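**Q** Spelled out, the chains give:
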Amino acid sequence: MSDLKPESPARLIPPTPQSSLISTPISRRMLFQGTMSAAALAALAACSSGSSSSATASAGTAASGNVTFGSNQSDAVPKAAYAEIIKSYQAQSKVTVAINTVDHNSFQENINNYLQGSPDDVFSWFAGYRMRFFADQGLVGDVSDVWKNVTGMSDGLKAASTADDSKQYFVPFTTYPWAVFYRPSIFKAKGYTAPKTMDDFYRLAAQIKKDGMVPLAFADKDGWPAMGTFDQLNLRINGYDFHVSLMAGKEAWTDPKVKNVFSAWAKLLEVSQPDSLGRTWQESAQSVQKNEAAMLVQGMFMGQQFTAGPDRDDLDFFAFPEIDSNIGTDAIEAPIDGFMMAKSPKNAAAAKDLLAYLSTAAAQGVSVKADPTVIATNSKADTSGYTALQKKAVEFIAGAKHISQFLDRDTRPDFASTVMIPAIQTFIGNPSDIDSLLKSIESQKKSIFTS
Amino acid sequence: MPETTARLAAPTAPAGTRKRGRPVRRSGKTRRLGRGDRITVMIFVLIPSVIVLGLIWLPAIASVFLSFTKWNGVGPLTSDSIVGTLNYENVVTNYPPFWPAMQHNLIWLAVMFLVATPIGMFLAILLDKEIRGTRVYQTALYMPVVLSLALIGFIWQLIFSQQEGLLNYVTGSTIDWFGDQRYNLGAALVATSWRQVGYIMLLYLAGLKAVDPTLREAAAIDGASQPQTFFRIVFPVMRPINIIVLTVTFIESLRAFDLVWIINKGRNGLELISTLVTQNVVGEASRVGFGSALATVMLVISSVFITLQLRVVMKEER
Numbered sequence: 001m002s003d004l005k006p007e008s009p010a011r012l013i014p015p016t017p018q019s020s021l022i023s024t025p026i027s028r029r030m031l032f033q034g035t036m037s038a039a040a041l042a043a044l045a046a047c048s049s050g051s052s053s054s055a056t057a058s059a060g061t062a063a064s065g066n067v068t069f070g071s072n073q074s075d076a077v078p079k080a081a082y083a084e085i086i087k088s089y090q091a092q093s094k095v096t097v098a099i100n101t102v103d104h105n106s107f108q109e110n111i112n113n114y115l116q117g118s119p120d121d122v123f124s125w126f127a128g129y130r131m132r133f134f135a136d137q138g139l140v141g142d143v144s145d146v147w148k149n150v151t152g153m154s155d156g157l158k159a160a161s162t163a164d165d166s167k168q169y170f171v172p173f174t175t176y177p178w179a180v181f182y183r184p185s186i187f188k189a190k191g192y193t194a195p196k197t198m199d200d201f202y203r204l205a206a207q208i209k210k211d212g213m214v215p216l217a218f219a220d221k222d223g224w225p226a227m228g229t230f231d232q233l234n235l236r237i238n239g240y241d242f243h244v245s246l247m248a249g250k251e252a253w254t255d256p257k258v259k260n261v262f263s264a265w266a267k268l269l270e271v272s273q274p275d276s277l278g279r280t281w282q283e284s285a286q287s288v289q290k291n292e293a294a295m296l297v298q299g300m301f302m303g304q305q306f307t308a309g310p311d312r313d314d315l316d317f318f319a320f321p322e323i324d325s326n327i328g329t330d331a332i333e334a335p336i337d338g339f340m341m342a343k344s345p346k347n348a349a350a351a352k353d354l355l356a357y358l359s360t361a362a363a364q365g366v367s368v369k370a371d372p373t374v375i376a377t378n379s380k381a382d383t384s385g386y387t388a389l390q391k392k393a394v395e396f397i398a399g400a401k402h403i404s405q406f407l408d409r410d411t412r413p414d415f416a417s418t419v420m421i422p423a424i425q426t427f428i429g430n431p432s433d434i435d436s437l438l439k440s441i442e443s444q445k446k447s448i449f450t451s
Numbered sequence: 001m002p003e004t005t006a007r008l009a010a011p012t013a014p015a016g017t018r019k020r021g022r023p024v025r026r027s028g029k030t031r032r033l034g035r036g037d038r039i040t041v042m043i044f045v046l047i048p049s050v051i052v053l054g055l056i057w058l059p060a061i062a063s064v065f066l067s068f069t070k071w072n073g074v075g076p077l078t079s080d081s082i083v084g085t086l087n088y089e090n091v092v093t094n095y096p097p098f099w100p101a102m103q104h105n106l107i108w109l110a111v112m113f114l115v116a117t118p119i120g121m122f123l124a125i126l127l128d129k130e131i132r133g134t135r136v137y138q139t140a141l142y143m144p145v146v147l148s149l150a151l152i153g154f155i156w157q158l159i160f161s162q163q164e165g166l167l168n169y170v171t172g173s174t175i176d177w178f179g180d181q182r183y184n185l186g187a188a189l190v191a192t193s194w195r196q197v198g199y200i201m202l203l204y205l206a207g208l209k210a211v212d213p214t215l216r217e218a219a220a221i222d223g224a225s226q227p228q229t230f231f232r233i234v235f236p237v238m239r240p241i242n243i244i245v246l247t248v249t250f251i252e253s254l255r256a257f258d259l260v261w262i263i264n265k266g267r268n269g270l271e272l273i274s275t276l277v278t279q280n281v282v283g284e285a286s287r288v289g290f291g292s293a294l295a296t297v298m299l300v301i302s303s304v305f306i307t308l309q310l311r312v313v314m315k316e317e318r
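As you go down the protein sequences, you meet chains P and C in turn.
Going by my numbering, the first sequence wraps up at 451, each residue one higher than the last.
Going by my numbering, the second sequence wraps up at 318, each residue one higher than the last.
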């Protein structure tokens, strides 16, 4: 209730787009609660976040009517896959779904305004801290009801969908691993073997260099791809628990443990493709595709840069090599994409019904067939149609003990984008000055995490 | 409709006639304006005032206010959100991209002012000589102004690209023009100057065409050389155009944003205050308070330059 009181000062400053949006959700929520109060006065008195009252609305009633679905899948292939999923959903329910597709990056950049404006009932988002960040601020709807009937999702997935209040706000859909990708045909022709440890890796890199190829492709023009390399190194050097704690702002970036990561990275940069700050991730994937570079640390989505058929079949990956034998390689990175529900959906029952459908193996099966660089999160999904790469990804993720999301999904979005992107780019530009860089990250982290 | 505006124009332009006798004119003015006229004038004054106030002044003041808060764009502002000058302290001492951005903005202004604009003026003078094919040159030089900055970014990408770029192909170098922080500001400035030159050229050419030819003739008869004629006679006569050129240069430099955003979102050597504001306020980051502090810094810098410029203009007009 406390958040309703200071509503008026915010209204005094109408001009910025952000502030003008405030009044809308609050008044709409009040309106919503007002309607509810006709049925149950208690709901108003409790003044809960609206989700509990909508839960009553959905109980028992069969879903029908219209529901809006906000998709960030703006590329042709996944867009068509989503259309197909919705078509099959509509065939077996009384709900009519309207899909609003928004460009992938714009969707992410506008998420704040989107959530405070009039978001679609169901929309695409990511698991982990990036989900909790918005759930904690009360900007998304509680979908714990949906989870009661979900089958085929592991406890790990449920944990990744749960916010700090132990309610679920997310329904996982697809996932993909980050690892070291390479062309098996090249490795076979040159007699290379996938390295198990970092020493093996550097021996291999020296050999590759001698053979006239770039050992490790690398790109960071857009600021985020290099975060994946940081994650891998930190997971291998300091382990999963430290990584998570560092991302949550609980560890000091000036800790020698973090310095070790950057020192190891500086060494890795010596065998990495130079001029990475002017290269997009697509270009780095293409340099593997064109056999200019032998390996690349990236997400499985890099397969999109390969043509379906023999070209893409000639792509494989191995876990990022072991650095410390006490830590091993059982922590991997596999971001989960999925869906969330608006805080006060226009049609809560139908939105939850749609979310329940999206959690099923059948729905996910359509998507993974259309885009073979992702795999279904539902364990019951039919894997017989999977490509060799997808099958390997399933095993890889199933065999992992800990799964991280990605730097910008595991920490505060403001920290990731306004501190880590410039910091990592500065490091790549000048890998020698690690101390002052870490000092700067730590002092910025303090100011952001305490605000 | 045109008649009404014509009629209105007379009473609303008393500035030039004011000197003759203020009290008399004022009473005369009130008598001459009918009721309908007065309402029309009020509407004409009111609507722009409301627009300027609502769309420019209020947001500007609000962002100054927000710069003293830690608001993240979500939920209401409370008294807890007010953090005093903390954001400014962080901007100056705890935000590494800030000082490079300040420096880049100043370099940008200097290059526009000292390189792009003089080149544009020089080209205008050359084209004013009625050399053969002057129309072709004019069109060619003005072309970039018509193109959107997105397109300009793309065109220069074709030239500056490390792998497939024209520049590296011709010179055989392997410099990553847009990716290497040592070169990318220079590369971006070349691209933006390319556009600025054409713009200034056209403005200046129009001014040159309007200069009374008898002045040059008289100068020529008196035995003045070409540079003397320009610097002693033509340039001072063109003061109004010079001021417009100056203003355009200032405005274009201070609002520099589009091109660097297209190149790499204003990171890695291309930081400008405007891109930092966008990175902080727009997007998932949503550091509205911090971003507003950056925006206020930019507002102050712009105000300094604009005030200086206005003072110069006002003084000269007196």
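Simulated from the structure, these hints should not be mistaken for laboratory data.
Treat the hints with caution; some may be incorrect.
Said to hold, decoys possible - Computed list of lysine to aspartate or glutamate pairs in EDC-like fashion (alpha-carbon distance at most 20 Å, straight line): (1) C:Lys265 to P:Asp136; (2) C:Lys70 to P:Asp136; (3) P:Lys346 to P:Glu109; (4) P:Lys259 to P:Asp435; (5) C:Lys265 to P:Asp435; (6) P:Lys446 to C:Glu130; (7) P:Lys446 to C:Glu284; (8) C:Lys265 to P:Asp275; (9) P:Lys439 to C:Glu284.
Quantities reported herein were computed from a predicted structural model and do not represent experimental measurements.
**Q** Each of the hints needs a verdict: does it hold here or not?
**A** Okay, the hints, checked on the actual structure:
Our distance criterion of 20 Å between C-alpha atoms is broken by lysine 265 (chain C) and aspartate 136 (chain P), whose separation comes to about 29 Å. Taken as a hint, the lysine 70 (chain C) and aspartate 136 (chain P) pair is honoured in the structure, with Cα atoms around 17 Å apart against an allowance of 20 Å. Our distance criterion of 20 Å between C-alpha atoms is broken by lysine 346 (chain P) and glutamate 109 (chain P), whose separation comes to about 24 Å. This hinted pair checks out: lysine 259 (chain P) and aspartate 435 (chain P) have alpha carbons roughly 7 Å apart, not beyond 20 Å.
A threshold of 20 Å between alpha carbons decides the hint, and for lysine 265 (chain C) with aspartate 435 (chain P) the separation of about 27 Å lies outside it, so the pair is violated. Distance check on the hinted pair: lysine 446 (chain P) and glutamate 130 (chain C) sit about 65 Å apart at the alpha-carbon level, beyond 20 Å; violated. For the suggested pair lysine 446 (chain P) and glutamate 284 (chain C), the alpha carbons sit about 19 Å apart, so the restraint of at most 20 Å is met. Taking the CA atoms of lysine 265 (chain C) and aspartate 275 (chain P), the gap is about 17 Å. The hint holds against a cut of 20 Å.
Pair hint lysine 439 (chain P) plus glutamate 284 (chain C) does not hold up; C-alpha atoms about 25 Å apart against a cutoff of 20 Å.
Comparing the model with each numbered hint stated earlier shows that hints 1, 3, 5, 6, 9 do not hold.
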